[in-house]
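Trainee: For reference, the chains in residue letters:
Protein chains: 2
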Amino acid sequence: MAGLRARQKADRNRRLLDAALHLFQTVGYDAARIEDIAEVAEVSVGTFYNYFQTKGDLLLATVTMEVEAVLEAGEAIVAAPPADVAQALDALIGCYYDHSLVWLTKEMWRTAMALAIQAPDTPFSRRYTELDGRLRQQVCALLLRLQGKGQLRADTDCTALGEMIFNNLNMMFIEFVKDDAMTPADLRQLVGRQNGPLAAMLRMG
Amino acid sequence: MAGLRARQKADRNRRLLDAALHLFQTVGYDAARIEDIAEVAEVSVGTFYNYFQTKGDLLLATVTMEVEAVLEAGEAIVAAPPADVAQALDALIGCYYDHSLVWLTKEMWRTAMALAIQAPDTPFSRRYTELDGRLRQQVCALLLRLQGKGQLRADTDCTALGEMIFNNLNMMFIEFVKDDAMTPADLRQLVGRQNGPLAAMLRMG
DNA sequence: GAAAAATATTGAATGGCCTCATTTTTGAAG
DNA sequence: CTTCAAAAATGAGGCCATTCAATATTTTTC
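Going down the list, the sequences are from chains A and B. Heads up, the first sequence is in the working numbering, so the first residue is 1135 and it goes up one at a time. Heads up, the second sequence is in the working numbering, so the first residue is 1135 and it goes up one at a time.
It should be emphasised that the hints constitute simulated quantities derived from the structure, not laboratory data. Careful: at least some of the hints might be erroneous.
The list treats identical chains as one, so a pair stands whether inside a single copy or across any two.
To be verified - BS3-like mimics (lysine-lysine), calculated; alpha carbons at most 30 Å apart, straight line: (1) Lys1143 to Lys1312; (2) Lys1189 to Lys1283; (3) Lys1189 to Lys1312; (4) Lys1143 to Lys1189; (5) Lys1312 to Lys1283; (6) Lys1283 to Lys1240.
Work out the full structure, taking the sequences as your base and the hints as a guide.
Mentor: Pasting the structure below:
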């Protein structure tokens, strides 16, 4: 039988996630009421809260998917980065930015970020922060890789500069999701300009 | 007569702000209900909304005060910075961090940041973003000043690096307000470590 | 297979931000 | 001092995320 209860549970979970993602993308996060999501998923409001602690937790699944995908794409670049520092950073960062709106809308990103900041003692926030940390480490890993290949001054503190580069790209990403008119290409160019001078100093010779 | 109406208006406005700040600081932003604030200010809930558009707008007044104070203190440092790049940055950043909890609690900061991100098309967000921009410019101004005094390589792109340094200190400030256990001194030290390697590269000779 | 226990579902009720139709107060004009 | 229009105050009501006591379904036990 494989457990009727377990099957129903998995099924409802999926229906809720599908309904939520669909509504978030079409009518928007704020406009999608729990009641609507529950109705599309053919479940009661109360049942929704047996599956998720808060409305925001529905975002978490999508954010996680998006960031995991981005991290995986980033791995490929860290493994075989362009030789030039500026180009390597641009490749990694561009990969982050270009993948950022596959599943999430800007409104969803804004909500997720706001939740992560506003309620730090929350599973949501802890998970979001953890994903952020993995991205930060990936940037540091890229610098270390370049250093290992002799494309970056040996005396560079890759952790310090990696953190700074990551925090900068992350803050610029916040500006990006705050501005509906800004495209990923715009963002990439702005950050490229900021990284340029630093990359120049980091290069060998 | 000087206008009874105008006097009453100013008076109620002040009472509302005082009541809100007091409650935010004592019971917390979330726990302070509009009804409570209105009651302390001896005003009805409806009247509150004649004076402020949202609960969050009560934060804006305090955030503005805090940031304006910080900007002024920062001016003094930009005007007469320590000779060493690292020390100059540490002085300015320390000034920001040390002043940051005079009027606002970490919870209030978190709420303000969350609101600024979540609803960018809001007077609140626009104002918050503008204050951020002025801080960013001040960091850039410090670099330019140091460069003018010959304490920083002439070929440095002060805008690019200033933005990056600011975005880093701002993101670290977000981590700070997310973590109740972190002190301003902790934060200052962490950012000092991040800035150190960069400062070393920026120094003359 | 019936009864009991465990596990889930349900939707009406709660709490808190914000709105708005109504009432009250102020100030100007006659 | 009335009268009246403009400006402001009021609080009941709407909305929506979340909770919880009652009900229903699945699983286990005998």
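Trainee: The structure should be examined with respect to each hint, and the outcome stated for every one.
Mentor: Consistency of the hints with the structure:
In this assembly of identical chains, Lys1143 and Lys1312 lie within 30 Å of each other by CA distance neither inside one copy nor across copies; the values are 37 Å within and 34 Å between. Proximity of Lys1189 and Lys1283 under a CA criterion of 30 Å is satisfied in neither setting, with 46 Å inside one chain copy and 54 Å between copies. With identical chains, the CA atoms of Lys1189 and Lys1312 are at most 30 Å apart both within one copy (21 Å) and between copies (21 Å). In this assembly of identical chains, Lys1143 and Lys1189 lie within 30 Å of each other by CA distance solely inside one copy; the values are 18 Å within and 39 Å between copies.
Neither within a single protomer nor between protomers do Lys1312 and Lys1283 lie at most 30 Å apart by alpha-carbon distance, with minima of 38 Å and 37 Å respectively. Taking the shortest Cα distances, Lys1283 and Lys1240 never come within 30 Å of each other, neither inside one copy (37 Å) nor across copies (43 Å).
Violated hints, listed in ascending order, are 1, 2, 5, 6; each of the other numbered hints is respected by the structure.
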